[in-house]
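*Asks:* Make a model of the complete structure from these sequences and hints.
Which chain is which? The protein sequence lines are A and B, in order.
Count along the first sequence from 1, then add 33; that gives the number in this note's numbering.
Count along the second sequence from 1, then add 33; that gives the number in this note's numbering.
Since the hints were derived computationally from the structure, they do not count as laboratory data.
The beta-carbon is built from N, C-alpha and C at its ideal position, and this holds for glycine as well.
Hints should not be assumed to be uniformly reliable.
[What the hints assert, rightly or not] Think about it this way: if two alpha-carbon atoms lie no more than 25 Å apart in a straight line, the pair counts; the simulated DSS-like pairs of lysine-lysine are:
hint	chain 1	residue 1	chain 2	residue 2
1	B	320	A	89
2	B	78	A	88
3	B	59	B	410
4	A	89	B	89
5	B	75	A	89
[As the list claims (entries may be wrong)] Okay, the calculated bits of chain B under chain A, using three or more residues with CB under 8 Å as the criterion:
hint	region
6	91-104
7	267-274
8	371-383
2 protein chains.
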Amino acid sequence: MLSKRAISAPASPIRRLVPYADDAKKRGIHVYHLNIGQPDIKTPKQWYEYIEKYKKDVVSYTHSQGIRELREKFSEYYNLWNITVQPDEIMVTNGGSEAIMFALGVVCDPDDEVIVVEPFYANYAGFASYLNIRLVPVTAKPEEGYRMPDIKEFEKVISPKTKAILFSNPSNPTGVVYSKEELKTIAEVAKKYNLVIISDEVYREFTFDGTQAISMFSFENIKDRLIIVDSLSKRYSACGARIGTFLTKNKEFYRAALKFAQARLCPAEITQYGALGLLEADEEYMKEVIKEYNIRRDIAFEEMSKIPDIVVHKPQGAFYLAAKLPVDDSEEFIKWMLSNFEVDGKTTMVAPLSGFYVTPGLGKSEIRIAYVLSAEKLKDAINIMAKAIEEYNKRSK
Amino acid sequence: MLSKRAISAPASPIRRLVPYADDAKKRGIHVYHLNIGQPDIKTPKQWYEYIEKYKKDVVSYTHSQGIRELREKFSEYYNLWNITVQPDEIMVTNGGSEAIMFALGVVCDPDDEVIVVEPFYANYAGFASYLNIRLVPVTAKPEEGYRMPDIKEFEKVISPKTKAILFSNPSNPTGVVYSKEELKTIAEVAKKYNLVIISDEVYREFTFDGTQAISMFSFENIKDRLIIVDSLSKRYSACGARIGTFLTKNKEFYRAALKFAQARLCPAEITQYGALGLLEADEEYMKEVIKEYNIRRDIAFEEMSKIPDIVVHKPQGAFYLAAKLPVDDSEEFIKWMLSNFEVDGKTTMVAPLSGFYVTPGLGKSEIRIAYVLSAEKLKDAINIMAKAIEEYNKRSK
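*Replies:* Here is the structure:
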């Protein structure tokens, strides 16, 4: 009685190893979670302040596109980043997740194709499967620092079924921040082949070493074919708020997404009030957060670089680092690390990268680290993994 | 660049007349909103108490199926209603809306068919369109009090593409509470033709005159093919909480829905804490609420019955009443009522019923009233509508 889409839907590669971690915990082992982008940084205090401020007798539906006041505040925020969208060009969604689903639904019918830059945020595959859309990959290679593939690689995979290009910048899972030239590739391909660009820019503010994340919004000639996806989850360490946005200047896209939004009624009222508060967080908060991630990025990269035979590049953004480990199968290695390895009662969990690819076999030795723990813990966690690799490879030879 | 599914997605019949109401308000007219199921009843105070109680430094992701504690509490609640589901058979969703979408996705591929009893909750059509599923209607007729169609009507429309039957009990929009015999029809058809039953039981507690809403869970032989959809929105006057549930004893269904749930990460954390509070609301709260709706139901029915040439039956549940008005086109009538009619600076908005049907042309003279306002306002609102009908028919002849 199960649908084919239910059968073929991928289990989340980030969450599917959770039972192994749970088992380890049951045995009394402390597990460092570098597998999921759940930061330990405090959510701004304005979250609860605004929830308190907007207390209501009746917890009511809101407008399907989100409350006006929140869309106005978002508009001000985006204007600061030169993304000049008006409140009526902003839709509040249940996290960035729903914004991506709306974007895919607006543009694609079943069996249509969307080009993704692999490795990509793994849940794109889940959304595509739910909506019966085919993800067609162009591959960013670990040996080349996961940079944007050449325009020719895009042209190779375009078919009459291709409707859109979907990618994130800064990139989850690689931490790469694309240059203006690299993004121009996307803009040019989209323009030339009449494709829609779905640009996932949730890590916009997390960049290091003076790098700036350039929004696709800065390319004038593709504004009518652009949907930007955003989220408050990472920016304000508020993953559980589930507040994202769907931004577009294309009125047809907006109207279509609104129909999908109306069917599900609205995002939770109280989280929209909380989001109003988050957008009031002072600049100092963001500065401190970026500073902290910068420190962690440095430590994560430094410690990872010490691992013999690893392929790793210094990421410039987001809070992820992807690397190719000297192991045959990273998923097997992670299971083993959780099940059979410990140092002083501690072990480490990271995400296997194969689920972030569509091409079978790719990413098999790669992993993603989310550097969402404090510097000290992060260092300890990576050192434990380094020892685990050594042990694992001895064992299997 | 728009997908066919985006083009064909229906605009919500409940929300699409909102601009006419907004215009009326701009002209200084007071609009009675009987068009949407947004009650005026207070949400239990435990909502904010629990949100306060569970304050956290970091607003985090939860398990994709919802926090354990909430699923345990839901399990206790369902057990009281003889729906013996365990916490691992309960998934917390973004309102009943998402539970329906998961259910449809678990069972249907594009172009598959789902039988619906029309008139049905209009947003079913939106979800089906988003997932490229065809809704195939069997019709409940106003002249027959919108009772469940005969088993032969179901058998007439079953095809090899039919995968499920989706309906609500008590019914939104008709307020009908189905008898054991009527529900047996559904169970028998499902069993005989290997269909899944998606039973939307969100109005379970809203029944009058000693009527009981029987859960599909009480039919032993279809438990393996049953998905129950539930929501806290109406029960606790907490529509903006966006907390629903997806219940099933079928482990394959659950696992498949969990994959969809993992892709979108989790429902908002804070609303899950609030929901814990709602489930602590005392019995007195529910008793008072039902008593209040009972009074309103009586008034709504009494006032509606006075309208000449109306077809209306006394509803036994939910907080809706559907009726066939003596007008040619109820949508045109409602627009006219909002744009050209007032009594002492007031007018009334109701929902046109055509959007609650799939069969073209049906429901054209019908409307739905949500009796979610206080008795006095309700009476005034219906009287205004009665006068509007008289005026409208004079005008058009």
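*Asks:* Now tell me, hint by hint, if it's right for this structure.
*Replies:* For each hint, the structure was consulted:
At most 25 Å may separate the alpha-carbon atoms for a hinted pair to count; residue 320/B and residue 89/A meet this at roughly 22 Å. At roughly 11 Å between alpha-carbon atoms, residue 78/B and residue 88/A fall within 25 Å of each other, so this suggested pair holds. The hinted pair formed by residue 59/B and residue 410/B meets the criterion: a straight-line CA distance of about 21 Å does not exceed 25 Å. In summary, the hint linking residue 89/A to residue 89/B is supported, as the alpha carbons are separated by about 21 Å, within the 25 Å threshold.
About 9 Å separates the Cα atoms of residue 75/B and residue 89/A, which keeps this hinted pair within 25 Å; it holds. Evaluation of the coverage hint for the region 91-104 of chain B: fulfilled, as 6 residues show C-beta separations to chain A shorter than 8 Å, against a requirement of three. Coverage of the region 267-274 of chain B by chain A holds. Counting CB-CB distances below 8 Å, 5 residues qualify, and the rule asks for three or more. Here the region 371-383 of chain B counts 0 residues with a CB under 8 Å from a CB of chain A, which misses the bar of 3, and the coverage is violated.
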